[in-house]
Amino acid sequence: MTEQTHYYGTAEPLRDFVAECLAQVQFYASMGVDYAGARDDAGLTYSTRCAIAALKQGVTILKMLEDKNAADLKARQASKAEREGADAALGL
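Position one of the sequence shown corresponds to residue 510 (this note's numbering), numbered consecutively onward.
Everything labelled a hint here was simulated from the structure, so no lab data went into it. It cannot be assumed that every hint is accurate.
In silico lysine-lysine, DSS-like type, Cα no more than 25 Å apart, as pairs [to be verified]:
| # | residue 1 | residue 2 |
| --- | --- | --- |
| 1 | LYS577 | LYS589 |
| 2 | LYS577 | LYS565 |
| 3 | LYS583 | LYS572 |
Computed Cβ-Cβ distance ranges for the label pairs, DEER-style [said to hold, decoys possible]:
| # | residue 1 | residue 2 | range |
| --- | --- | --- | --- |
| 4 | ALA584 | ILE561 | 34 to 40 Å |
| 5 | ALA579 | PHE536 | 28 to 34 Å |
| 6 | THR554 | LYS589 | 49 to 55 Å |
| 7 | LEU582 | ASP550 | 44 to 50 Å |
| 8 | ASP550 | GLY518 | 41 to 47 Å |
| 9 | ALA598 | LYS565 | 17 to 23 Å |
| 10 | ALA528 | ARG592 | 30 to 36 Å |
| 11 | ASP550 | ARG524 | 33 to 39 Å |
| 12 | ALA587 | THR554 | 46 to 52 Å |
| 13 | ASP525 | ARG548 | 33 to 39 Å |
| 14 | ASP543 | ASP581 | 38 to 44 Å |
Note that the coordinates shown come from a computational prediction; the quantities given were computed from them, not determined experimentally. The beta carbon of each residue, even a glycine, is placed where N, CA and C say it ideally should be.
Required output: the full structure, derived from the provided sequences and hints.
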């Protein structure tokens with residue numbers, strides 16, 4: 510099986526999107542520094558607002574990632590408890 514068959518339904522797309530948002534923040538922050546150095550206030554304002562928007566998106570998706578990870582952990586714990594209960598019932 511390829512890695513991609515296990516991609517959807519996992520936390521990976523969320524993690525990838527957060528990373529993409531952070532890359533955008535990095536790009537716009539770098540541009541902001543350049544605009545500030547060039548004394549271009551319009552460019553500085555624009556790039557700062559873009560960085561803020563990208564960061565807000567990343568934070569929103571990060572919350573979804575945290576929720577997904579918590580749900581996955583809960584499901585793993587329930588599955589483990591169920592297996593241990595079945596093993597105990599069989600005397601294993």
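Comparing the hints with the structure gives:
{"no.": "1", "hint": "LYS577 / LYS589", "in the structure": "holds (18 Å)"}
{"no.": "2", "hint": "LYS577 / LYS565", "in the structure": "holds (19 Å)"}
{"no.": "3", "hint": "LYS583 / LYS572", "in the structure": "holds (17 Å)"}
{"no.": "4", "hint": "ALA584 / ILE561: 34 to 40 Å", "in the structure": "holds (35 Å)"}
{"no.": "5", "hint": "ALA579 / PHE536: 28 to 34 Å", "in the structure": "holds (31 Å)"}
{"no.": "6", "hint": "THR554 / LYS589: 49 to 55 Å", "in the structure": "holds (52 Å)"}
{"no.": "7", "hint": "LEU582 / ASP550: 44 to 50 Å", "in the structure": "holds (47 Å)"}
{"no.": "8", "hint": "ASP550 / GLY518: 41 to 47 Å", "in the structure": "holds (46 Å)"}
{"no.": "9", "hint": "ALA598 / LYS565: 17 to 23 Å", "in the structure": "violated (50 Å)"}
{"no.": "10", "hint": "ALA528 / ARG592: 30 to 36 Å", "in the structure": "holds (34 Å)"}
{"no.": "11", "hint": "ASP550 / ARG524: 33 to 39 Å", "in the structure": "holds (36 Å)"}
{"no.": "12", "hint": "ALA587 / THR554: 46 to 52 Å", "in the structure": "holds (50 Å)"}
{"no.": "13", "hint": "ASP525 / ARG548: 33 to 39 Å", "in the structure": "holds (37 Å)"}
{"no.": "14", "hint": "ASP543 / ASP581: 38 to 44 Å", "in the structure": "holds (41 Å)"}
In this structure, only the earlier hint numbered 9 is contradicted, and the remaining ones agree with it.
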